[in-house]
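Q: Chains A and B, in that order, are what the protein sequence lines are. 1 is the number of the first residue of the first sequence in the working numbering; add one for each residue after it. 395 is the number of the first residue of the second sequence in the working numbering; add one for each residue after it.
What the hints contain is simulated information worked out from the structure, not anything from laboratory work. The C-beta atom is built at its ideal place from N, Cα and C for all residues, glycine as well. No incorrect hints appear here.
DSS-like, lysine-lysine: derived pairs with alpha carbons at most 27 Å apart:
id: 1; chain 1: A; residue 1: Lys-201; chain 2: A; residue 2: Lys-302
id: 2; chain 1: B; residue 1: Lys-600; chain 2: A; residue 2: Lys-30
id: 3; chain 1: A; residue 1: Lys-201; chain 2: A; residue 2: Lys-271
id: 4; chain 1: A; residue 1: Lys-221; chain 2: B; residue 2: Lys-682
id: 5; chain 1: B; residue 1: Lys-600; chain 2: A; residue 2: Lys-222
id: 6; chain 1: A; residue 1: Lys-222; chain 2: B; residue 2: Lys-682
id: 7; chain 1: A; residue 1: Lys-62; chain 2: A; residue 2: Lys-30
id: 8; chain 1: A; residue 1: Lys-120; chain 2: A; residue 2: Lys-193
id: 9; chain 1: A; residue 1: Lys-323; chain 2: A; residue 2: Lys-348
id: 10; chain 1: A; residue 1: Lys-62; chain 2: B; residue 2: Lys-600
id: 11; chain 1: B; residue 1: Lys-600; chain 2: A; residue 2: Lys-33
id: 12; chain 1: B; residue 1: Lys-600; chain 2: A; residue 2: Lys-221
id: 13; chain 1: B; residue 1: Lys-653; chain 2: B; residue 2: Lys-425
id: 14; chain 1: A; residue 1: Lys-323; chain 2: A; residue 2: Lys-120
So the derived label-pair ranges between C-beta atoms look like this:
id: 15; chain 1: A; residue 1: Val-371; chain 2: B; residue 2: Ile-436; range: 36 to 42 Å
id: 16; chain 1: A; residue 1: Ile-24; chain 2: B; residue 2: Leu-402; range: 54 to 60 Å
id: 17; chain 1: A; residue 1: Val-93; chain 2: B; residue 2: Trp-647; range: 48 to 54 Å
id: 18; chain 1: B; residue 1: Trp-442; chain 2: A; residue 2: Phe-268; range: 52 to 58 Å
id: 19; chain 1: A; residue 1: Lys-30; chain 2: B; residue 2: Asp-559; range: 48 to 54 Å
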Amino acid sequence: MSFLNLKADRSKYPQRDADGKMQIDLDSHKFVKLWQGPNHPGVTGNMSVELTLAGDEIVEAKTHVGYLHRGFEKLIERRLFIQGMQTSIRMCVAEPDSNEYVYCTAIEELSNVEIPEMAKWIRTLILEMARLQSLVRVVPGQAGTFGLGLGVQWGVYMRELILDRFEELTGGRVYHMFMTPGGVRGLLPDGFKTRMEENLKEIESFAHRIDDLIFNNVVFKKRAVDTAVIDPSWIDNYGITGFVARSAGFNRDVRKSFPYLIYDQLDFEPKVMEYSDIYNRAKVRWFDILTTVDLIRQIMRKMPEKGDFKAQTPNVLHWTAPKGETYVRSESSRGEYGMYVVTDGTNKPRRVNLRGVSYTHAICVLEDLLVGVNIADVAAVMVSLQTCPPEIER
Amino acid sequence: MEFDFKHLGFTLLGLLIVLNWGLLMSALMQKIGARVARRIGIRLYQPWIDLIKNYAIRSQISHGIMFYLGPVFRFSGGVGIFLFMPLIVGSVMWSNYSFQGDLVLIMYFQFFGMLGMALGAGESGHPNSAIGISRGLAQFTAIEAPLTLAIISLAIQYNTLSIVDIVEAQQGGIQNWSAWTNPFATIAGMLAALGSMGHSPFNLVKAPNEIPIGPPTEYHGTFLGVLRTNAAILHVMEAALFMNLFFGGANNWFEFILKTFLIYFWSVFVGVVFPRFRIEQSVAWFFKIPLIAGVVAIILFM
Chain A
1 MSFLNLKADR SKYPQRDADG KMQIDLDSHK FVKLWQGPNH PGVTGNMSVE LTLAGDEIVE
61 AKTHVGYLHR GFEKLIERRL FIQGMQTSIR MCVAEPDSNE YVYCTAIEEL SNVEIPEMAK
121 WIRTLILEMA RLQSLVRVVP GQAGTFGLGL GVQWGVYMRE LILDRFEELT GGRVYHMFMT
181 PGGVRGLLPD GFKTRMEENL KEIESFAHRI DDLIFNNVVF KKRAVDTAVI DPSWIDNYGI
241 TGFVARSAGF NRDVRKSFPY LIYDQLDFEP KVMEYSDIYN RAKVRWFDIL TTVDLIRQIM
301 RKMPEKGDFK AQTPNVLHWT APKGETYVRS ESSRGEYGMY VVTDGTNKPR RVNLRGVSYT
361 HAICVLEDLL VGVNIADVAA VMVSLQTCPP EIER
Chain B
395 MEFDFKHLGF TLLGLLIVLN WGLLMSALMQ KIGARVARRI GIRLYQPWID LIKNYAIRSQ
455 ISHGIMFYLG PVFRFSGGVG IFLFMPLIVG SVMWSNYSFQ GDLVLIMYFQ FFGMLGMALG
515 AGESGHPNSA IGISRGLAQF TAIEAPLTLA IISLAIQYNT LSIVDIVEAQ QGGIQNWSAW
575 TNPFATIAGM LAALGSMGHS PFNLVKAPNE IPIGPPTEYH GTFLGVLRTN AAILHVMEAA
635 LFMNLFFGGA NNWFEFILKT FLIYFWSVFV GVVFPRFRIE QSVAWFFKIP LIAGVVAIIL
695 FM
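Generate the whole structure from the sequences, applying the supplied hints.
A: Structure (structure tokens):
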């Protein structure tokens with residue numbers, strides 16, 4: 001049925017100049033300029049994409065941010081170290097615990113504070129729980145961008161299970177702040193591991209249903225396979241990390257490359273695939289769900305029952321850090337998440353700079369990735385990069 | 395023909411029944427979808443509340459007269475189908491004005507509503523509307539192709555284009571239904587039904603996150619109320635059309651409600667587990683199996 005292959009031939013139109021750039025003349029009325037966002041259900045968060053269309057195919061895309069700017073970094077720089085906690089976590093609502101970790105660890109490194117072993121185990125548990133609640137939401141959400149709402153609802157249900165455990169452990173569902181400079185705020189409640197195991201079993205069961213519903217779904221495959229393919233040469237040129245790099249055949253995982261907390265004591269191997277289209281970028285994250293479930297089980301099995309969970313630290317209202325600078329990185333569900341902090345001997349950080357994953361993925365990569373894509377797939381491409389705009393304009 | 399006020403009264407009563415059944419059916423379908431997704435879902439009377447609320451709100455923005463006429467044309471299409479659709483077999487009063495029309499008229503009214511919406515949305519001047527119109531008309535044309543072939547096949551089989559005659563020819567037992575006597579036309583028709591009911595995987599036209607927002611945002615207030623009223627009538631009438639063509643029609647209201655529910659549920663049943671096709675994929679899909687089934691159905695009765 002090749003006569004039904006309706007993909008347009010762009011070898012001659014739009015015309016290209018000598019260096020291969022498309023000649024787009026809006027006055028020719030052959031193109032339509034359309035904004036997707038900032039308020040649009042197909043845009044993840046507060047950003048917009050300026051699209052130039054030939055028919056319903058995108059020939060040029062520009063990303064625009066600036067709708068959310070709250071100056072997170074500057075807010076932290078004007079507050080005490082402990083006050084920076086509540087601001088840092090808001091730089092990515094979907095997975096705030098990575099912010100907690102990098103911020104706390106940066107302060108501890110600059111203040112020469114060594115956290116207790118128990119705190120390391122609990123922090124790792126929190127990071128993996130955060131990864132899991134993020135993944136179970138976004139993997140079915142990928143199908144949601146194609147109109148399969150059932151997967152999204154199942155994802156929300158699975159996420160609620162983990163949020164229940166977060167509430168039990170930390171008192172908060174979305175923002176937790178259980179990590180604090182010097183350790184964590186407490187030990188696991190009685191019976192926590194049992195209840196977590198019940199949740200993990202249910203999530204595992206749902207994960208396999210999601211596999212049937214989405215990854216074996218002929219319509220999902222039709223839309224996701226071979227759509228928005230990332231060329232392996234882009235990985236290093238753009239600085240692509242995390243699951244996007246792993247779906248393209250590059251084994252990039254901070255937990256393995258630069259082990260932190262107790263990850264060197266855990267047995268896991270992040271999934272790597274060979275071809276980074278929307279389908280594989282979703283599939284590699286589906287494997288990440290199973291890996292994370294296994295990691296949480298390992299942590300709960302290996303972690304000590306009791307122990308100090310917080311180091312001796314100065315009074316938080318009078319905490320000063322000597323002059324210095326540090327860069328702390330962690331592996332979020334989206335990729336390498338880092339924070340660069342400079343201190344000048346006062347009770348506030350001199351400079352804070354966040355390396356948000358979306359800064360790379362959702363600006364440069366997205367602009368190139370959208371060219372040649374059907375306009376109906378813009379939302380899917382953004383979700384396939386797990387875009388989180390607050391990390392961009394922080 | 396003499397004008398019969400009693401007949402008009404039954405027709406209006408039928409319209410009221412169909413409208414309310416359409417609203418209840420949409421609530422039931424949403425409820426079923428919600429339960430599959432582990433949610434409680436809406437209250438069964440929610441569509442009535444939405445409708446009353448919509449009719450109570452006036453639009454403050456004007457895009458010109460054609461923009462306003464879009465929903466009116468759409469509503470006329472839905473009511474037009476109702477007027478010429480027999481509801482209960484053998485009942486003069488519940489046959490509406492079906493004796494004055496035939497399948498060609500029903501097909502025309504199906505497209506009439508779409509064209510009205512296209513004119514209205516085009517008047518809004520929003521680029522999303524142009525995309526929505528091109529998507530909607532392209533897909534509807536693709537849906538019409540297998541449906542038309544199925545209808546031509548039935549016309550050849552029963553030697554008539556009258557829905558009343560087609561329904562009456564299927565009486566006498568389940569074995570006389572077109573579903574058994576003309577299975578290929580039924581396959582083509584029921585696959586086309588998936589598209590015409592507007593659920594996944596053929597609902598890109600009004601997909602919120604895939605650009606053209608469609609009626610819920612372009613039209614609001616009373617106009618949205620008119621569109622929702624039409625949707626309630628149209629869904630029942632489309633189900634009734636397929637019931638009359640392939641499943642022996644209905645001999646009483648209970649049978650009518652049961653069969654229209656099951657036929658509409660067919661599109662929901664498929665839609666709840668599938669994402670949506672892009673338009674070119676959707677067009678290509680209708681031009682494959684449904685179209686081939688339609689052609690085979692015609693060849694078998696030539």
